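K.L.:
Residues per chain, in single letters:
2 protein chains.
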Amino acid sequence: MRAGVGKRVTAADVARSLGLSRATVGFVLNGTTGQRISEATRDRVLAEAARLGYRPHKAAQALRRGSSRLVLLVIPDWPVDFSVSKCVEEASHTLEEAGYSLVTQTHHPVGTARPLWELLDPEVVVGFAPFTPEEVAAMQGCGITKIIPGPEPRPSPPDPLGLDDGPRLQVEHLHTRGHQRLGFAATTDARVSGLVASRLGAAREAAASLGLPPLVVRPVDGAPDAAGQAVQDWLHANVTGVVAYNDDSAAMVIGAALRGGLGVPADLAVIGHDDNPYTALFVPSISSIRIDYAGLGRHLAALALLAATGRPLLDGGVDAATAVVARESTGA
Amino acid sequence: MRAGVGKRVTAADVARSLGLSRATVGFVLNGTTGQRISEATRDRVLAEAARLGYRPHKAAQALRRGSSRLVLLVIPDWPVDFSVSKCVEEASHTLEEAGYSLVTQTHHPVGTARPLWELLDPEVVVGFAPFTPEEVAAMQGCGITKIIPGPEPRPSPPDPLGLDDGPRLQVEHLHTRGHQRLGFAATTDARVSGLVASRLGAAREAAASLGLPPLVVRPVDGAPDAAGQAVQDWLHANVTGVVAYNDDSAAMVIGAALRGGLGVPADLAVIGHDDNPYTALFVPSISSIRIDYAGLGRHLAALALLAATGRPLLDGGVDAATAVVARESTGA
DNA sequence: CCTCGCCACTAGCACGTGCAAGCGGTCGTG
DNA sequence: CACGACCGCTTGCACGTGCTAGTGGCGAGG
Chain W
17 MRAGVGKRVT AADVARSLGL SRATVGFVLN GTTGQRISEA TRDRVLAEAA RLGYRPHKAA
77 QALRRGSSRL VLLVIPDWPV DFSVSKCVEE ASHTLEEAGY SLVTQTHHPV GTARPLWELL
137 DPEVVVGFAP FTPEEVAAMQ GCGITKIIPG PEPRPSPPDP LGLDDGPRLQ VEHLHTRGHQ
197 RLGFAATTDA RVSGLVASRL GAAREAAASL GLPPLVVRPV DGAPDAAGQA VQDWLHANVT
257 GVVAYNDDSA AMVIGAALRG GLGVPADLAV IGHDDNPYTA LFVPSISSIR IDYAGLGRHL
317 AALALLAATG RPLLDGGVDA ATAVVAREST GA
Chain Y
17 MRAGVGKRVT AADVARSLGL SRATVGFVLN GTTGQRISEA TRDRVLAEAA RLGYRPHKAA
77 QALRRGSSRL VLLVIPDWPV DFSVSKCVEE ASHTLEEAGY SLVTQTHHPV GTARPLWELL
137 DPEVVVGFAP FTPEEVAAMQ GCGITKIIPG PEPRPSPPDP LGLDDGPRLQ VEHLHTRGHQ
197 RLGFAATTDA RVSGLVASRL GAAREAAASL GLPPLVVRPV DGAPDAAGQA VQDWLHANVT
257 GVVAYNDDSA AMVIGAALRG GLGVPADLAV IGHDDNPYTA LFVPSISSIR IDYAGLGRHL
317 AALALLAATG RPLLDGGVDA ATAVVAREST GA
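Respectively, the protein sequence lines represent chains W and Y.
The numbers in my numbering rise by one with no breaks, and the one at position 209 of the first sequence is 225.
The numbers in my numbering rise by one with no breaks, and the one at position 2 of the second sequence is 18.
These are calculated hints, taken from the structure and not from any lab test.
All copies of an identical chain are treated as equivalent in the list; a pair is satisfied when it fits inside any one copy or across any two copies.
Once the Cα atoms are required to be at most 30 angstroms apart in a straight line, the calculated DSS-like pairs of lysine-lysine come out as:
1) K102 - K162
2) K162 - K74
3) K162 - K23
4) K23 - K74
As the structure is a prediction and not an experimental result, all values here were calculated from the model.
Please model the complete structure; the sequences and the hints are all you need to start from.
P.N.:
Printed below as a string of structure tokens:
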């Protein structure tokens, strides 16, 4: 027996329907500690609330308690949403268990739309990539103090998201397949320059620790036939295996190699990163790095909750399931 | 001179600081009609509000006026976010000019996270794809009545988003290139079955109106080597051109053809849909359909505003810029 | 001089919720 | 039987805003 359409069921409705006070209903529904409510009353309240289809009015809750219990996740304008969505789903679920909710916003640096943090006033803003000083200032101007990653140049725990494992696995995979001289296919896309640098750094470290010669780094986009030039350079440097920044870069390398009459992986082995779904569709299919996005989501949620409540949450960690997906482009 | 961090500046603060009543401040800041406020007072209020850094408390506004001025855009779990983001940006901008804000949610049918419409109570929920009856019921249970597309089987204006143009252009493109017997590459993904049916229907209409024989429809995923089988079937049916549901389907067809020793486009021409960025990376590169996502965004925003306010908004339309992007897979 | 209307503004309610404080009844204890 | 402890519940305030009804002052008209 739901109330008429358009009329919201309030806690007062539940109370009135039971002949109780609104406070009692509130105590039951919030499980307020320090209040004594008999089991019988509790059950009656819960049953009646369910029967009437009561839903707390979030705006009123936010107003009263002064906090929206909202976490805003700002996703950069990367073309990797296929994986991010899994991450978001998991983070959302984790936050929900703690009474928080996740709202995502894909952020356009050039965008004109007003950022969501101005109107949702979330308790925490989490970004996949660090925010610019201007953005941080804008958030602080809205009263938002909990920002992840923090404004410091380098996050306190280096690589808190455990994303440095991928490049290491790329290098080790090619090394295991017998490749000694490796190239790195970079993108010139300014939006992800930080991420490129991070992955390149990790790849360099991995190569060094395996005793391999320095990586031959080449951009594969930006200029016309940049990928073709990169492939030429790698051939001259006797490079036989290429670590690509991501799957798009890998695809560009493979495309240039094929168009140049080379065999992949026979003449040049290539491994991408992110395990974008289309990697399996290519000819040859593209080896890549699968990331534990679910774990990453849980990790982000834990970070956000820590910031919001001050209480740490047990966090399963993220980097356990980062793994190589071997396909044809490296000889699978 | 901003108030101390953590303390919100309210309209009452502005009023107190000027020795005015809170109502006066409210009238000025809302531009309430039917109230007489002297120019001098108005200026003083605006200046003081700016000086103190006043930001209206959205939760309080939503509580008081009973409407969140929020539009929730539910994006299905499609891997097309590259284009959706442009659409969202544009819709967001259009809505903003009308005082509304856009929040997006990528929706997972199997997801366990509670949908955002339960906690943001948006005025309008807009979906790229029609909602299931269960979803519609869930929304109505939360008091949300304005849902786009509506629950009726077929939206009142057929194809309100103007998305039927793409398949027509695909068919016409192949026809122009001399192909008579066409195939249609479908996906078995249940999440997009409605969209597949819609695109297939449009393609069939286009083929019929050109006097072409019926489309040979085959799924290209779901079963192992479904794409390979589809290619075989098309060959036997003398099909030389394939209209793919989207770029992924196109890639699967091309992959299967290449692995079967066929030439693309020499033996089989293929055109995708959505102009996914990776279509340019394939070998051969994949012809596709570019959609005017910016226009689509404006159109969606206009629909949402119409539902929210009842007043129609002038709408530039969407289908003008849907266009073929000719690449190698159809002989460019 | 009184009244009426207008101007510019104020008092105050309502939205739905969370929670501190209080209050009547019952039970155990001296 | 008196008294305090405690249980179970209610009264009532506060959050910040939008807006209706009203209010005092003042000039104009009769």
